[in-house]
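Peer 1: Spelled out, the chains give:
2 protein chains.
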Amino acid sequence: MENWTALIRDIPDFPKKGILFKDITPLLLNPDCFAEIIREMHNALAGLNVSAIAAAESRGFIFGAPLAHSLKLPFIPVRKPGKLPAATHSVTYDLEYGQDTVCIHTDALKPGQRVALIDDLLATGGTAAAMEKLVSMASASVVTHLFLIELSFLEGRKKLAAPVKSFISY
Amino acid sequence: MENWTALIRDIPDFPKKGILFKDITPLLLNPDCFAEIIREMHNALAGLNVSAIAAAESRGFIFGAPLAHSLKLPFIPVRKPGKLPAATHSVTYDLEYGQDTVCIHTDALKPGQRVALIDDLLATGGTAAAMEKLVSMASASVVTHLFLIELSFLEGRKKLAAPVKSFISY
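Residue numbers (the numbering used here), protein chains in the order written: chain A, 88 to 257; chain B, 88 to 257.
Honestly, the hints are just simulated from the structure, not real lab data.
Among the hints, a few may not be true.
What the hints assert, rightly or not - Below, a list of computed lysine-lysine pairs in the DSS-like style, where the Cα atoms sit at most 27 Å apart:
| hint | chain 1 | residue 1 | chain 2 | residue 2 |
| --- | --- | --- | --- | --- |
| 1 | A | K170 | B | K103 |
| 2 | B | K167 | A | K103 |
| 3 | A | K246 | B | K170 |
| 4 | B | K167 | B | K104 |
| 5 | B | K167 | A | K170 |
| 6 | A | K252 | B | K159 |
| 7 | A | K159 | A | K252 |
| 8 | B | K167 | A | K104 |
| 9 | B | K103 | A | K167 |
| 10 | B | K197 | A | K167 |
| 11 | A | K103 | B | K170 |
| 12 | B | K167 | A | K167 |
| 13 | A | K170 | B | K197 |
| 14 | A | K159 | B | K252 |
| 15 | B | K167 | B | K197 |
| 16 | B | K104 | A | K170 |
Unchecked claim - In silico negatives: residues of chain A with every beta carbon more than 10 Å from chain B:
| hint | residue |
| --- | --- |
| 17 | N136 |
| 18 | A216 |
| 19 | E242 |
If you're wondering where the values come from, they're calculated on a predicted model, not measured in any experiment.
Backbone N, C-alpha and C define an ideal beta-carbon position, used for all residues, glycine too.
Just chain A, same shape as in the assembly (with noise of 0.2 Å):
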């Protein structure tokens, strides 16, 4: 994994001053950096009897669509409001200044199912604390959280009741 974060890019004071910013775009531009990372995630939910795939808009897509196709499991877009257009559950999370919400459909999961929750990175863990509640809210179980990149200064596992494997840490 030398290779990939050879292939993440710190952008100082992005989004805002103070901030510094890792960008993975340098990293979706190598396909064998790419096809890497997606063949371990696949191998980390091996024995874990994962039943679907959800990913939270945007950047989880790019990491959650190759790793349902790759398992060939049903995934699951978790989006911002007005997104979704059938029935939705919500949940509403504190960012530093402000609000989120993060919906799903009703009918996304049936009660009982496993889902992974992937994310490219994993910071103050807030939004995937709200992915947590959804799937509940839908009673299915949360198996494994997998982010790419763990900020683990700022102790986001701390707020989230399923384990978490994160393949990169700052």
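Start from chain A and add chain B according to the hints.
Peer 2: Frame of chain A, contents of chain B only:
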């Protein structure tokens, strides 16, 4: 592809009154169908010497990322303003009411690259035409557009310079 259309759900009056929204999320819950779509998109690019896949957030990522993974090609996310952290090209285009803007990193494409643009839906063609401009700003060329669904009565393909392939037409 008959089973594809059976998995596309009509939602009346979404996102606003008078619009019949084509909801693809049931299709994403069917792994066989999702795999068939990615395979057909893969096959549609055979012999075209495509060297990069680009797709617009968010639903474009759901098809573009697995397709890039399947073809072992670079994946380039096209995003709304304020999302891509490094230097970008951007194109603003008119909507029915107001305007929208799409962006691409200036270093995402190399001059001369042959790009396939992927999206779930061709409607009026505004986003796709703007994406053609982004690619030409990077001195690369659009080999083809692939859309899962085309709303042919909106005549979006008339706005596009590159060839258009769609799999389902309404």
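Peer 1: Run the structure past the numbered hints and jot down the numbers of the failing ones, going up.
Peer 2: Hints 10 and 13 contradicted; others consistent.
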